[in-house]
Every structure is written in C-alpha cells, then in structure tokens.
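*Asks:* Sequence:
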Amino acid sequence: MAAPGDHVASGNAEENILYDLLINTEWPPEPDLQPRGNREHGTSFVLTKAITGPVLYILQYVWYSPAKFSLPSGLVRLINKQINWHLELTSNGKLLAAVQDLCVEIRSAKDDFGSVIGKCQVPKDPNPQWRRVAWSHDCTLVAYAESTGTVRLFDLMGSELFVIPSQTSLPGDLSYAIAGLLFLEYKASTQWSAELLVINYRGQLKSYLVSVGANQSFQESHSFHFGYHYPHGISSVAYHAEHRLLLIGGTGTTEDGVSKATQCGISAWRVLSGSPHYKQVTSYEDDMSTAMKRKGLWRIINVRLSPRHGTEQDGIFKMSLSPDGKLLAAIHFSGKLTIWNVPSMKLQGEWTQNEQPGFDEINPDWRTAVEKRKKMKDKESYYCLMDINWWAENAVILARCSGSLTVSSVKTLKNLLGKSCEWFEPSPQVTAAHDGGFLSLEVHIEEGELSIVPWNEEEHRDKDWCEDPDCKNLIEPCPADLAEFLYDEQPELLVYKTDLLSIDHVKGWYLNRAEEVENYSRQVDGALSLVRLGKERNIPGLQVLCDDLVTLETLVYEAGCDPSVTLKDLRQIKDIDKLNLLMKNSSEEHYVKDAYQWMVPFLHRCEAQTPGQANKLLEEYLVMLAKDDLKFPLKVFQHSKPDCQQKLIPDQDKLMTIALDCIYVCERDNQLALCYDILECLPQRGYGCDTDMTKSLHDKVDQLEQILSVSEILEKHGLQKPISFVKDTQENPKEAHNLIVRLTRHTGRKQPPVSESHWKGLLQDILEMQQNVYNCLDEDTCYEGFQVTRSPGALLQMKMGLPWIFGPTNGPLEQLSCGVFLIWACQKLLQSLQIFSLSSELDADIEGVLHISSGFGLQPLDNQHFSLRVNRRHVCRGLFKVDVKV
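Just so we're aligned: the sequence shown equals residues 1 to 886 in our numbering.
Do not take every clue at face value.
[Claimed, not checked] Below, in silico cross-link-like pairs of lysine to aspartate or glutamate (EDC-like), each with a Cα-Cα straight-line distance of 20 Å or less: (1) 119 with 155; (2) 593 with 619; (3) 94 with 111; (4) 318 with 516; (5) 578 with 607; (6) 721 with 677; (7) 414 with 14; (8) 497 with 525; (9) 716 with 699; (10) 700 with 680; (11) 414 with 355; (12) 94 with 105; (13) 419 with 15; (14) 379 with 393; (15) 627 with 677; (16) 260 with 312.
These are computed hints drawn from the structure, not numbers from a lab.
Modelling step: build the complete structure from the supplied sequences, incorporating the hints.
*Replies:* Below, the structure is given as structure tokens:
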C-alpha cells in the first residue's frame with residue numbers, strides 16, 4: 001500500500017501535489033492448504049449436484065431458459081483483470097477492511113493500518129475477483145459477499161454474526177455475484193440496527209433488516225428488480241445518502257430521445273419509505289421521449305430474442321461519488337471516463353480512452369525485464385482504467401491495468417502528481433483520500449533464484465565400496481568425460497575445454513552462444529537474457545551485441561516488423577535503415593509516442609557507441625522523410641518546441657538546422673501549410689544562447705519566411721512550386737524572369753478571363769516577389785514579364801497602370817517609374833502596328849496612348865494625324881524620342 005503525503009492547499013485546482021510513497025503493510029504469500037476430509041467434501045459436492053441438478057434445470061426452463069444469464073463481455077473482461085484482494089475504507093477513513101484469500105483483515109488508522117484489530121475467516125472463493133465488501137454507516141459492521149451471492153456479516157472483532165444464503169444459481173453462473181452491497185441507515189424502528197441492500201448482477205435487489213447485540217438476527221424487508229430497465233443486468237451501484245438516491249450503472253442504450261445519462265447506462269432511483277420502495281428519477285428528455293412508450297412486454301421479448309453476438313455495447317464498469325456528493329465519476333467498458341453532476345445527471349466531462357493523457361504509457365521497468373517485456377506484445381489490453389476514486393472535489397484518482405496511477409483534474413485530466421505517473425504492479429486498487437493521503441493495493445511477484453533439480457534416480461542395488469566417489473577418484477584420476485559427445489559433434493567448442501578460461505574465451509562464448517540461441521530458436525528474449533547475465537558478471541565487450549538484440553527485440557515484438565528478421569540481417573544494414581525500420585509501421589496517431597518509446601532509446605544506444613551519431617542519424621532520417629512528406633517531421637518539431645518539457649530535439653540550433661533542411665529538401669508542391677507549421681515550432685530571436693551560429697540560423701529562418709511568402713503567392717495564383725524551387729531560383733535572373741512569365745501566362749489562360757482587379761493583384765504580387773526574394777530582377781523586367789498576355793492598349797488603359805501602382809505622380813521617382821512604364825507600353829504598341837494590320841481595337845489603343853502621354857509632357861495630337869497608317873507609325877516613333885521631364 002502507498003500513501004501520498006499531505007496535499008498542499010492552494011487556490012489553483014491545477015497545481016501539482018507534493019507527495020511521498022510509503023509502504024504501510026506487506027503480506028507474504030500464504031500456503032494453499034487443503035481442508036481436512038478433502039475426499040469427503042468432494043464426494044458430498046458431487047452427490048449434492050446430482051440431486052439438485054435436474055430440479056434447477058427444470059426451474060430455469062420453466063421461468064427463464066436453459067441457458068445461463070449472459071453478462072456483458074466487457075464487464076466480465078474487466079472484472080477478471082482485477083487482483084484477487086480488495087480494499088474498503090470506512091466513510092471517515094478510520095478503519096480498513098482488507099479482503100484476502102481466506103480472511104478479511106480489519107485494520108485501524110491509529111498506527112497507519114500497521115496492525116490487525118480483527119480477522120474474519122471466510123471460505124476460499126473460486127472467483128475471488130467477483131467478491132465484494134462494505135462497511136455500515138456507523139463503521140461497526142462489515143458485510144462480505146462471495147462470488148456465489150452468499151453474504152456474511154461480521155463485527156469489528158471478526159466474529160461472524162450471521163450468513164445470508166444466496167439465491168438459487170447455476171454452477172459457474174456469475175450473474176448471482178453481488179454488484180452492489182450497501183448499508184442504509186434505518187430509523188423506522190429501534191429493533192433493527194441498519195438496512196442492508198444486496199443487488200446482484202442480474203439486477204435483483206433484496207433488502208434485509210439486520211440487528212446486532214442481544215437480538216442478533218436479520219429479516220428480509222422487500223425485493224425489487226431492475227431487469228425491466230436493464231435487460232442485460234447491472235454492473236455498478238452507488239448510494240447518495242443526502243438525496244437518498246440509488247445510482248445504478250449498466251449497459252447503455254441506443255434509443256433516441258433519452259437523456260445522455262440513460263444512453264450511457266446510468267439511472268437514478270429515489271429510495272422510498274414504502275412500496276414500491278424505489279422510483280426512477282427521470283429527466284425532461286426521458287419524460288418526453290417516445291422511446292419510453294415502447295417499453296413493454298414486446299421490448300423485453302425483443303431483448304430476449306436478439307442475438308448475443310455482434311458489436312459489443314458500452315456500459316458502466318465502476319462509479320464513485322465525490323466527497324461533497326456533487327459529482328459522479330464513471331468508468332465505462334470501453335475505457336471512457338465521464339463526470340456527471342448530481343442529482344441533475346448532466347454530463348460535465350467526457351474523455352474516450354484515446355483522449356486521456358498518458359493512457360498508453362507503459363511501465364519503464366517492463367523494458368528491461370525480459371519476462372515483463374512479453375506483456376508489451378499485447379500492451380493495448382493494459383490501457384484500460386481499472387479503478388477510480390476521489391482525491392478532492394476537483395481531482396480523481398485513476399488506476400489503470402498497466403499499473404499507472406495518476407491524480408487528475410476533473411476539468412482537464414491534467415496529472416497533478418507531476419510530469420509522469422506513479423507506477424505500481426498491474427491493476428492496483430485505490431481508496432478515497434482521507435487526511436491528505438490514500439491507500440493503494442498491489443500484488444508484487446518476486447522472482448526466485450534458479451537452481452538445478454537433481455535427477456530422481458532409483459538404484460536396484462546398494463553401491464559397492466569401490467564405487468564410492470572418493471575411491472573412484474583415487475583409482476581413476478582421469479574419469480571419463482560425460483560431455484565428450486558435445487565436442488565430437490561440435491569441434492569448435494574444444495577451445496572452451498579447459499579448466500582456466502581467459503576473459504576473451506568467456507566473452508567469445510557469450511557472443512557465440514547468444515547468436516546461436518537467436519539463430520536456431522528465433523527467441524530474442526533468450527539470447528538477450530544470456531547477454532545480460534554476462535554483463536551482470538562483468539564480462540566485457542557485450543554491450544554492442546546487447547544493443548543489437550534490444551533493437552531486434554523492439555522490431556519484432558513491438559514495432560510490428562517482419563518476424564523473419566534475424567540478428568544477422570540486422571547487423572548487415574546501416575543504422576539509418578534500422579531507424580527507418582523501427583518507425584516504418586508507426587501510424588500518424590501514435591507516431592510521437594512511438595518516437596519516444598522506440599526512436600529515442602535507439603538514438604541513445606547509437607550515441608553511446610559513437611558520440612555525435614544520434615544527431616546525424618536523426619537529421620538524416622527526418623530529411624529522408626521530408627522528401628516525400630513533411631507530416632511526420634512536423635510532429636517531431638512540434639515536440640521539440642522551446643516550451644516542451646521533454647524535447648525530441650533538445651538543441652535549438654540543431655532544431656533550426658534540421659527544420660531548414662527538411663523544408664528545402666521537400667519535393668512536393670502542396671506542403672506550404674506544413675512549412676508554416678514547422679516555422680512556428682522554431683525559437684524566436686533572443687531565446688537561448690546568442691552565438692554567431694545562432695544569429696546566422698535566425699537570418700536563414702527570416703529568409704525562409706520571405707521564400708514562403710513567394711510560394712504562397714504562387715499557390716494563390718494556381719502555380720504551385722516546391723519551396724526548394726524558389727530558393728534555387730532567387731539568384732538566377734533567367735529562371736526568375738521565366739517564373740514571372742509563366743505566372744502571367746497561367747493567369748491569362750484562365751477561363752473565364754480574370755477581372756481587372758485580379759490583374760491588379762497579380763502585378764502587385766509580382767512586385768512583392770521582386771522586392772522580397774527576386775532582387776536579381778529590376779522593375780522593368782517585372783513589367784516586361786507581366787505584359788506577355790495583355791495587349792499594350794489594355795495595359796495603358798488599366799486603371800491600376802499608373803495611379804494605383806505608384807500613387808500620385810508628384811515625386812520625381814514616381815514620375816520616372818510611370819514614364820518607364822508608358823514608354824515600354826508604347827514600344828509594344830508600335831511592334832503591334834508593325835506586325836498586324838490596323839483595326840478598330842488598335843485605334844482605341846492609340847487613342848489611349850495619346851490621352852495618357854499628355855500627362856507626361858508629350859504634345860497631344862488630334863485623331864486627324866492618324867488617318868493614315870504611315871502617319872500613325874510616325875507619331876508613335878516620335879513618342880519614343882520625347883524625353884520624360886522629371
């Protein structure tokens with residue numbers, strides 16, 4: 001058992017808890033003694049079964065069916081995963097009942113539950129996980145329920161007061177086991193001390209009035225059946241004394257129109273003083289539901305006739321009320337955790353198993369212990385929640401099948417114990433917190449020492465004196481070697497046939513033998529165990545083989561690699577290929593977890609063998625992934641941010657270097673969004689050390705931002721290019737010009753044609769590209785590339801042509817730029833006049849030239865001067881000879 005230390009009170013509900021782990025009590029294993037008269041008991045059992053068997057069969061056939069009651073498979077699976085012992089703490093935290101195999105110990109909190117004040121003897125149970133124990137409200141009585149449904153009542157000294165026999169049940173039918181064992185305060189008469197509710201998994205409730213003292217007895221008060229509402233039985237019961245509510249948990253329903261609590265399998269029942277004794281407290285949704293009208297005989301028949309197989313329906317496994325009674329925490333068969341307001345039964349929080357922080361963590365000790373590593377082959381079965389209780393009104397204690405234990409906030413499920421959980425043996429049980437601590441029960445199995453068992457030999461006669469070993473040693477100083485046949489079959493072993501083995505020989509034997517074990521048996525565990533034994537005995541030179549076997553074990557047993565991979569195959573491939581094999585089958589959902597679990601330990605092993613190898617391997621691996629997709633490298637960068645506690649890439653300079661390489665090496669043109677996500681993972685200027693290398697890397701990151709802005713412009717206009725293309729062409733004027741031309745042509749080919757406002761935006765984007773990245777180009781070249789698909793007249797008449805681009809042309813630079821644009825457009829117009837015949841469109845273009853040229857000090861001409869084709873050309877040539885005055 002473990003008791004965390006006092007909780008440090010704070011107004012912040014999310015503040016971490018300072019705690020200690022203390023071992024209060026240890027129970028050594030007890031010998032499993034057979035009772036006296038075992039044969040007589042066995043004979044009586046068979047005889048009784050033979051007499052009562054047919055009667056039970058007839059009763060089941062007449063009233064129910066010949067088959068046993070079928071419990072939900074999820075409930076049976078989870079209960080059987082529990083440990084055999086149980087803990088139950090009184091409501092005030094002063095007394096503890098520890099249910100063991102053959103007794104129930106009663107311990108007091110006065111000496112931290114170190115001594116036993118009472119011991120209740122109970123018979124051995126064939127299904128110990130299905131037992132249950134409960135305390136009375138005044139902490140003077142202990143009720144113990146067997147898996148058969150029999151209930152025994154004890155006092156604090158351990159004396160058995162009376163036994164309540166179970167209802168008739170079929171052998172092995174666990175549906176008669178007790179799902180709820182509750183003491184209710186009874187005030188109707190002074191004759192009875194308390195009321196005991198016994199509810200089995202079938203949903204059958206029996207109420208007993210119990211009396212202790214001089215008139216020690218019990219009497220059945222009433223009965224009730226929840227099977228009408230829970231045709232598959234119930235699974236959990238909780239009682240709210242203040243509201244006198246009986247909270248029942250069972251299999252959920254898929255009916256429409258019912259409340260969320262009913263869909264999940266939770267219902268609330270008011271305890272009444274008289275018949276019918278229990279009334280369901282319904283919500284507005286339940287009252288208005290049309291599904292409630294269908295509940296009747298036909299619904300029960302439908303359930304009875306429905307097939308047992310199919311998809312497993314979710315339901316409630318365990319429930320626990322908060323100390324103030326305002327919240328109810330529930331564990332579902334699927335591993336889901338829900339928090340409900342009481343008594344309204346409104347859902348306050350809901351987390352599926354995959355949404356719970358740390359649900360897939362595995363005990364670190366399992367990675368080093370060979371026997372426990374075998375459990376990791378089916379590690380998904382250890383993720384489920386096994387027990388729940390309350391630390392405070394705003395925090396719950398969660399225990400999983402894997403042995404992890406956390407104290408989590410009911411709002412966010414943040415672990416208040418710190419960065420990591422506490423680890424116990426699988427399926428620990430926990431109690432509610434009292435006086436700043438809670439108790440946890442675990443079963444720890446210690447491995448014994450191996451020893452050689454001598455052969456069981458029988459001799460047909462006594463040995464003669466000359467056959468005595470001492471005598472034989474004198475007569476035959478060199479006895480025959482019984483292992484000689486081994487050397488005949490394997491002559492290479494003769495090198496080890498000596499009384500004094502050198503260290504090199506011992507090392508060679510371990511290496512060869514481990515390789516043989518793995519090669520012939522394909523049992524990596526056996527070879528790894530042998531190498532670790534050698535390391536424990538300080539045999540040098542085994543670390544490399546040990547690392548290779550650990551990598552092979554991870555590949556075969558955890559990473560889902562081809563099981564035919566051998567140690568010989570693994571040694572023939574490079575480290576980067578090993579890393580790729582480790583992460584090859586990792587899904588996007590579990591990639592980060594697998595990176596911490598598989599990739600990081602592998603990199604540490606490589607770093608131990610060759611310093612500096614880890615960073616090289618990680619960079620090479622991420623760059624290799626980035627060529628095809630930035631999805632997985634992004635996950636690594638997201639878990640290497642400066643605010644991450646456990647970084648995959650702790651060195652921030654290395655983080656920026658790898659991120660830049662990954663972005664530039666990516667060959668796909670649809671990764672821009674991922675590139676921006678990677679950019680957000682990089683540290684800002686001023687974070688960490690301010691070295692020359694760091695400054696240079698930040699400059700490169702700033703340059704990357706400009707390059708990404710160009711890629712964003714290209715993507716916006718439908719001309720996607722890899723990021724590397726922009727980087728490679730930023731210093732190449734020819735490629736940069738061709739890019740602008742392709743961008744303009746691509747826009748010009750769009751159907752339907754784009755609007756003038758779109759052309760305005762395109763020209764602005766081209767100038768922005770030239771200013772940010774393509775400094776090798778001047779503005780004239782950008783204009784020239786922009787005009788490819790547009791007629792010169794259209795360019796001159798564009799509203800954006802002069803005033804929108806340059807604004808009011810008051811300054812000399814603006815006028816010069818406008819003049820350059822005008823002269824360039826007129827040049828293109830003249831080329832059109834020389835090549836094509838004049839048309840009405842060109843006439844309109846020329847008129848536009850004359851209208852715009854007047855704003856630059858050019859003499860405006862009348863249209864009469866353009867009546868002839870030759871005159872038009874002459875005037876246009878004259879335009880080019882005019883100097884723009886600035």
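*Asks:* In ascending order, which of the hints set out earlier in this document are inconsistent with the structure?
*Replies:* 4, 8, 9 and 14
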